[in-house]
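Colleague: Using UniProt numbering, the first residue of the sequence shown is number 1, and each one after it goes up by one.
Simulated from the structure, these hints should not be mistaken for lab results. Among the hints, erroneous ones may be present.
[Said to hold, decoys possible] Under the rule of at most 30 Å between Cα atoms (straight-line distance), these lysine-lysine pairs were calculated in the DSSO-like manner:
#1 LYS476 x LYS526
#2 LYS526 x LYS459
#3 LYS585 x LYS526
#4 LYS64 x LYS585
[What the hints assert, rightly or not] Quick list of the computed label-pair ranges, beta carbon to beta carbon:
#5 GLY60 x ASN390: 50 to 56 Å
#6 GLY60 x ASP117: 48 to 54 Å
#7 GLU436 x ASP117: 30 to 36 Å
Heads up, the beta-carbon is just placed ideally off N, CA and C, and yes, glycines get one too.
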Amino acid sequence: MVREQSAVFSNGKDFLTLHHFLNETPVEALMGYATDIEWHEAIDADQPAAGFLSFMEGSGYHVKLPHQAWIDDWSNAILSSVLSSVERNWHTFSPKHKLQCWITDGKDYFNVEFFFDYPLPPYGVGEPLDWPPLQEQSEVTKLDLFELMGVNLPKPDRSISKPAAEGEAFEIADGVNPDLLAETYAVIEHCMVMYSHVLIAYSGGKDSHSCLQLVLRYKLEHPECTTKITVISADTLIENVLLVNHIYKVKERVESLGLGIDFRIVTPELDETFHVCVFGKGYAPPSSMNRWCVDRLKKRPADEVLEEYAGYYANQTGDHIVLLLGTRSAESSNRARSMTKFFGDEFFGEHQITGRTCAPIKRWTARDVITYLVRTEAPWEDYGNYNLINLYGSAAGGWEECPIGAAMTDINEGVSSCTSSSGARMGCTFCSVVKEDTSLINMAKDFPDELGPFVAMRKVFKAAQDIRYGSLTGYKRVRGTKAGEEGQMLGQLTSGLGDLTLDIRVLLLEKMFDLGLTIPQNEVFKIYSIVREREFPEGIALTRRFKDALFAFLPVHPGHFETSYSPIWDPWGSGVDAFTEEDVKAIERIKAQEAAARAAVAEPEIMTTILPEVI
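Could you build all of it, start to finish, from the sequences and the hints given here?
Modeller: What follows is the structure in structure tokens.
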């Protein structure tokens with residue numbers, strides 16, 4: 001068994017993987033479009049797979065073959081065998097080929113995968129189940145069928161949402177406790193006096209927003225203070241668009257104060273963006289068990305900036321820096337444990353890069369933070385605190401925020417922050433780490449045009465984590481081998497979950513495009529260059545459908561040229577021979593010039609024809 005709702009069966013070197021959706025409708029966007037090909041056209045009658053599909057049809061189910069690389073390769077092979085002028089397209093061949101079939105009676109659904117002539121079972125299964133003797137079953141009910149296939153019914157969801165901790169609900173008091181404020185100001189003053197450079201980790205959420213304003217107030221009230229202040233924020237490039245706009249507006253207002261504050265917004269490297277990792281490298285959408293996003297999108301970009309400052313002050317001036325964090329012990333039980341681990345009972349802790357951290361609002365509750373923002377005017381003009389409060393109001397209780405990389409003491413803390421049990425948090429719009437992003441859903445009710453498409457796409461990304469959609473190849477690269485190394489493809493692959501199939505990437509890309517979402521041009525080209533580079537070493541079937549789905553995000557389709565982004569003919573990824581917007585404009589200019597020339601030649605003939613009639 002692979003999962004409770006999936007199982008692998010074997011018949012020699014042929015393997016069948018059965019995924020079931022009982023009393024459940026799969027996400028349509030991940031089922032693909034059905035072809036006109038009947039399964040018995042593509043599968044020989046004497047194959048075990050044919051016996052299984054015949055059994056299913058005899059039990060009242062309908063079998064559909066969606067568009068996929070296996071069908072592309074089969075169709076191309078048939079065509080090339082009939083027409084000598086057609087060569088078989090080697091791009092569609094793959095040692096990871098599997099044939100997917102969707103089977104349903106309108107109520108229950110099965111996704112069945114056939115792996116033909118494989119040396120190892122897929123999905124890391126050590127001992128697959130024996131192929132069921134379907135031909136011996138003369139009369140079988142649906143319940144008997146499920147028992148026969150060894151399928152387990154899904155377990156009910158017993159998760160219970162926990163009530164908000166004391167002081168963490170959406171409440172506004174008359175004011176913040178004066179003693180608490182005095183304690184916080186004393187901590188900030190200590191940082192501004194004892195350190196020559198103060199860094200502030202700013203996520204744009206309520207906690208870091210309050211921390212930033214408290215520091216700015218001290219700076220404005222003490223013009224004699226020469227301590228350098230740098231604000232470090234992050235844009236994962238898939239952030240909530242409303243929150244990103246908020247961060248950039250705050251950046252403008254902070255810079256307008258004329259305090260010489262450097263406000264830096266870091267972004268992930270091109271080859272580590274969300275789109276490149278998913279569509280180029282084939283990473284499954286992140287989950288709490290597969291936490292690649294936290295490190296690549298948040299922690300690494302921020303760490304590079306922190307190392308830049310820490311290295312400069314350590315090597316050039318010998319001075320020390322401190323990193324201010326808008327973290328609170330009361331935020332959650334996970335945060336409380338983390339704060340105790342790194343800070344103890346004090347406000348100061350250790351950081352692996354800057355060496356010293358400080359949490360001025362450590363002892364504040366959410367009520368204190370909200371009260372402070374509501375009762376206190378922002379230290380700048382034209383963008384009051386009510387703008388942020390309104391965002392949280394739209395989130396309808398989504399008071400937790402995902403920290404930026406600079407605020408993380410380790411990866412586990414970042415993952416814990418993104419996996420709020422309530423799903424109420426402010427962060428990436430495609431976040432598939434949480435079970436349900438209630439904040440995004442609620443905000444989309446107030447901003448349907450801006451956030452509605454992201455809610456719909458997030459649902460599809462979340463579903464793509466489910467192995468039942470056949471989203472993973474079932475075979476992975478042998479650890480230690482890299483794309484481009486010499487060797488046979490099958491020799492570099494072993495049984496495992498593997499990467500996202502190119503077929504599922506096509507479906508995800510098409511859904512994004514249909515929803516009107518975008519992928520930056522530089523990311524599109526990076527995605528394609530990575531897939532081309534890995535095509536042969538990792539056995540990727542590079543279909544025309546994938547190129548069309550990906551290039552739909554460009555202003556102009558670059559064309560299907562073998563040379564473009566080829567590891568051999570275009571190793572620098574320059575897109576040689578690809579069509580560009582400039583090419584299209586040049587063609588349009590030439591066509592316009594030719595049309596004008598033809599009109600100029602035709603004009604005298606028209607005049608000689610019309611002139612006698614006028615006379």
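Colleague: Are the hints correct? Go through all of them and say.
Modeller: Each hint tested on the structure:
1. LYS476 x LYS526: It holds: about 22 Å lies between the C-alpha atoms, which stays within 30 Å.
2. LYS526 x LYS459: Holds: LYS526 and LYS459 sit about 25 Å apart, inside 30 Å.
3. LYS585 x LYS526: With a Cα-Cα distance of about 24 Å, the restraint between LYS585 and LYS526 holds, given a limit of 30 Å.
4. LYS64 x LYS585: Violated, at about 43 Å.
5. GLY60 x ASN390: 50 to 56 Å: holds (54 Å)
6. GLY60 x ASP117: 48 to 54 Å: violated (31 Å)
7. GLU436 x ASP117: 30 to 36 Å: violated (42 Å)
Hint violations for this structure: numbers 4, 6 and 7, all remaining hints satisfied.
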